Amino acid sequence: MPDFANNSFPHNRINSLPNYQLPITHYQLPITNMNDNSPPEALKQILKAFTDAGSENINALQQVRDVQVVMGSLLQHEAKRLEKKLGRDNLRVQQIQSTIKRNQAISKDLEVELEIAKIRVPEVDQKDSLIHGRVVNENRRGWSGLVVSLADVQGKIIRALGKAETQDSGYYALTINAETLKKVAKSITEGVFVVIYNSKGELIYRHKDLLMLKGGDRILVEDIVLKRSDLTSPPCETPAVSNTEVSSSPSDSVTVSEFAADVWVARGRVVDENGEGIGGLVVSLFDRDLIFADRLGNTQTDENGEFIVTYRTADFQDLFDAHPDLYLKILDAEGNTLYSSEEAVRCEADRVEVFEITLPRNS
Numbered sequence: 002m003p004d005f006a007n008n009s010f011p012h013n014r015i016n017s018l019p020n021y022q023l024p025i026t027h028y029q030l031p032i033t034n035m036n037d038n039s040p041p042e043a044l045k046q047i048l049k050a051f052t053d054a055g056s057e058n059i060n061a062l063q064q065v066r067d068v069q070v071v072m073g074s075l076l077q078h079e080a081k082r083l084e085k086k087l088g089r090d091n092l093r094v095q096q097i098q099s100t101i102k103r104n105q106a107i108s109k110d111l112e113v114e115l116e117i118a119k120i121r122v123p124e125v126d127q128k129d130s131l132i133h134g135r136v137v138n139e140n141r142r143g144w145s146g147l148v149v150s151l152a153d154v155q156g157k158i159i160r161a162l163g164k165a166e167t168q169d170s171g172y173y174a175l176t177i178n179a180e181t182l183k184k185v186a187k188s189i190t191e192g193v194f195v196v197i198y199n200s201k202g203e204l205i206y207r208h209k210d211l212l213m214l215k216g217g218d219r220i221l222v223e224d225i226v227l228k229r230s231d232l233t234s235p236p237c238e239t240p241a242v243s244n245t246e247v248s249s250s251p252s253d254s255v256t257v258s259e260f261a262a263d264v265w266v267a268r269g270r271v272v273d274e275n276g277e278g279i280g281g282l283v284v285s286l287f288d289r290d291l292i293f294a295d296r297l298g299n300t301q302t303d304e305n306g307e308f309i310v311t312y313r314t315a316d317f318q319d320l321f322d323a324h325p326d327l328y329l330k331i332l333d334a335e336g337n338t339l340y341s342s343e344e345a346v347r348c349e350a351d352r353v354e355v356f357e358i359t360l361p362r363n364s
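Letter 227 of the sequence shown, counting from 1, is numbered 228 in the working numbering, and no numbers are missing.
Just so you know, the hints here were simulated from the structure itself, not pulled from any lab data.
As the structure is a computational prediction, the values presented were derived from the model and not from experiment.
We put the CB at the ideal spot given by N, CA and C, even for glycine.
Pairwise CB distance ranges, derived in the manner of DEER restraints: (1) 309 to 187: 28 to 36 Å; (2) 264 to 106: 52 to 60 Å; (3) 192 to 335: 26 to 34 Å; (4) 345 to 186: 34 to 42 Å; (5) 337 to 294: 12 to 20 Å; (6) 102 to 123: 32 to 40 Å; (7) 192 to 121: 22 to 30 Å; (8) 361 to 336: 13 to 21 Å; (9) 102 to 163: 39 to 47 Å; (10) 187 to 233: 30 to 38 Å; (11) 352 to 202: 15 to 23 Å; (12) 230 to 191: 28 to 36 Å.
Please construct the entire structure, taking both the sequences and the accompanying hints into account.
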């Protein structure tokens, strides 16, 4: 991954140019030649100089952006005037339209460069680690207010490693104390993933690459590009109860008061077509998430086919208050899946959920 000195941050839109020394305090703003179809190289060189110079020239960069906006407005006016006079197919009109498109692209680049120019990479102790980067839309503009955290390969959030919120520029910086990293080292030997939550606490993204963390690391993550539709997870909808699975009242024989305040319960019975309990089956309970499914616990049906799984809030809550979205699987002694309610998730489950499942005796 690239390393950037002097607290600067990489940009993705403006092309790299040879080193160009520009006296920042004495510059002329470029005027785009309406008859020139080549890219405005002078403007690119000014942008490169501004980026190299750092935050001192943010105001100058804003001035360039403002000039481009004014130029765009003037060009639009001129294009309309000439089109009315000469017609849309006139060469001069077409040249101006091409210039307008280039000007619009440059203006977008300038907005991105302004966001990046305002980023301040935090100073971190030499022994501590830093994971940072940007979360952006398809135009490389930052998404703000998203929560960035780290998860292990099982999808469990490692809370001890902290979290960070994206700024207006989409920038986030997750600083990890060296001592804290040592304490959790055994649990992350396989690596960690960067994961992103929205403001509602919904997991919306997991980075494709595993990160192997060690003290003193400086890891710059490539831009994470999310569309607006990616910012919310699909709504969880509990389907109508089918003949296969029947929910009875949570209060018929087990009440919340029977358990500690932090304990949640899923219980029920597995029966055959005649209503006789089926014993010796494995029941696995899961909390469905957008990317990961957390296994909340396993148990076995008794001779009457009854089962009970208890779990705690910490088993499914990561960053925000929420209820689990429950589903379960029934397996035989050989580990074969006989039944799954993954397509009939219990959304926002109660403290006590009751399942009754009917299976063929010879399944």
